[in-house]
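In terms of our numbering, the sequence shown has 85 at position 76, counting the first letter as 1, and numbering is strictly consecutive.
Hints listed in this document are in silico derivations from the structure and should not be mistaken for laboratory results.
A couple of the hints might just be wrong.
What the hints assert, rightly or not - Think about it this way: if two alpha-carbon atoms lie no more than 16 Å apart in a straight line, the pair counts; the simulated EDC-like pairs of lysine to aspartate or glutamate are:
1) K218 <-> E208
2) K252 <-> E208
3) K63 <-> E43
Claimed, not checked - Ranges between beta-carbon positions, derived for each pair:
4) V256 <-> D82: 26 to 32 Å
5) F267 <-> T118: 40 to 46 Å
6) V256 <-> Q164: 24 to 30 Å
7) E90 <-> D221: 44 to 50 Å
8) G259 <-> D82: 37 to 43 Å
9) K116 <-> D81: 24 to 30 Å
10) G259 <-> D59: 33 to 39 Å
11) G97 <-> Q164: 40 to 46 Å
12) S18 <-> A119: 42 to 48 Å
13) R12 <-> A83: 42 to 48 Å
14) T117 <-> D81: 21 to 27 Å
15) N80 <-> I220: 29 to 35 Å
Glycine residues also receive a C-beta, built at the ideal position from the N, C-alpha and C atoms.
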Amino acid sequence: MSRILERFSLRGEVAIITGAGRGIGRAIALAFAEAGADVVCVARNQSEIDDTAKAARAFGVRALALSCDVNDDAALQRLVEDAREAMGKLTLLVNNAGGAGPNHALKTTAKAFDDAMHFNVTTAFRLSALVAPHMQAAGHGVIINITSAAARYAQKNFTVYGAAKAALTQLNRLLAQDFAPAIRVNAIAPGPIRTDALEKFLNDSARQKMIDATPLACLGEAEDIAAVALFLASPASRWITGKVIEVDGGAESTVWPF
10 MSRILERFSL
20 RGEVAIITGA
30 GRGIGRAIAL
40 AFAEAGADVV
50 CVARNQSEID
60 DTAKAARAFG
70 VRALALSCDV
80 NDDAALQRLV
90 EDAREAMGKL
100 TLLVNNAGGA
110 GPNHALKTTA
120 KAFDDAMHFN
130 VTTAFRLSAL
140 VAPHMQAAGH
150 GVIINITSAA
160 ARYAQKNFTV
170 YGAAKAALTQ
180 LNRLLAQDFA
190 PAIRVNAIAP
200 GPIRTDALEK
210 FLNDSARQKM
220 IDATPLACLG
230 EAEDIAAVAL
240 FLASPASRWI
250 TGKVIEVDGG
260 AESTVWPF
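With the hints as constraints, model all of the structure from the sequences given.
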């Protein structure tokens, strides 16, 4: 392997990836495994993460599937304890679990807003805080937060999701300051990615409108995000922290078709 390609290797690393049963989380888990990292695949659906872990093991790495509801703080604590005990150390974390659909501001309850903030922001904060001491003990670590292009777009009917992801984006910057120099913290802001979570909102006409409004004239794939996550997790990005990489096909405003 050439010296520059070696900088993209994750051999010897151990990663926790939330939301790893499908979509972006699964793609990241498999990319990390292909690059040599042992992976802890986390989601609520045991059968889905079992499948992801099985696919990861095909790359010759260790892979563990741990069911966890990230909204449950006690469950997060058990997750970190179990992952550390099974793997021996923890050096990488991807806070991918999260999400919310479009909403009507005047019909959204305080509880619905609070729940979305907790799911997208509080859980990432808590899991980062729980994993950080183990990274410090290992001598290094990387945290990657999956935020969204919605964090910077001004658009109708996204007060919940946009505000939550904007908060996660700022949390990313602040944690990078708190955890430096041993731990780097960066984020990825995807645009529309072809996952089940997006496709359930789209028909053929709406999908084409999004494609037409995107400068690169296509929607993103989960592997597009996984490739950037691999870069941020690897020594290739050793001098980057507190940043957000936008992976959105070049869109500078919302391409949401409704």
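Cross-check of the supplied hints:
1. Using a Cα cut-off of 16 Å, the hinted pair K218 and E208 holds, with the two alpha carbons roughly 13 Å apart.
2. A hinted pair counts as satisfied when its Cα atoms are at most 16 Å apart, and K252 with E208 does not qualify at roughly 29 Å.
3. Pair hint K63 plus E43 holds up; C-alpha atoms about 13 Å apart against a cutoff of 16 Å.
4. For V256 and D82, the hinted distance range of 26 to 32 Å is satisfied, since their beta carbons lie about 30 Å from each other.
5. Under the hint 40 to 46 Å, the C-beta atoms of F267 and T118, about 22 Å apart, miss the expected range.
6. Take V256 and Q164: their Cβ atoms lie about 18 Å apart, and the range 24 to 30 Å is violated.
7. The hint said 44 to 50 Å for the Cβ distance between E90 and D221, and at roughly 49 Å that hint holds.
8. One distance hint, 37 to 43 Å for the beta-carbon pair G259 and D82, holds here, with the actual separation near 39 Å.
9. The given range of 24 to 30 Å is respected by K116 and D81, whose C-beta atoms sit roughly 28 Å from each other.
10. The beta-carbon spacing between G259 and D59, approximately 37 Å, falls within the hinted interval of 33 to 39 Å.
11. The given range of 40 to 46 Å is respected by G97 and Q164, whose C-beta atoms sit roughly 45 Å from each other.
12. Checked against the given bound of 42 to 48 Å, the beta carbons of S18 and A119, roughly 47 Å apart, stay inside it.
13. The hinted window of 42 to 48 Å between R12 and A83 holds, with their beta carbons roughly 45 Å apart.
14. Range check, T117 to D81: about 23 Å between beta-carbon atoms, so the 21 to 27 Å window is met.
15. Between N80 and I220 the beta carbon distance is about 34 Å. The supplied range of 29 to 35 Å therefore holds.
The structure is inconsistent with the numbered hints 2, 5, 6, although it conforms to all the rest.
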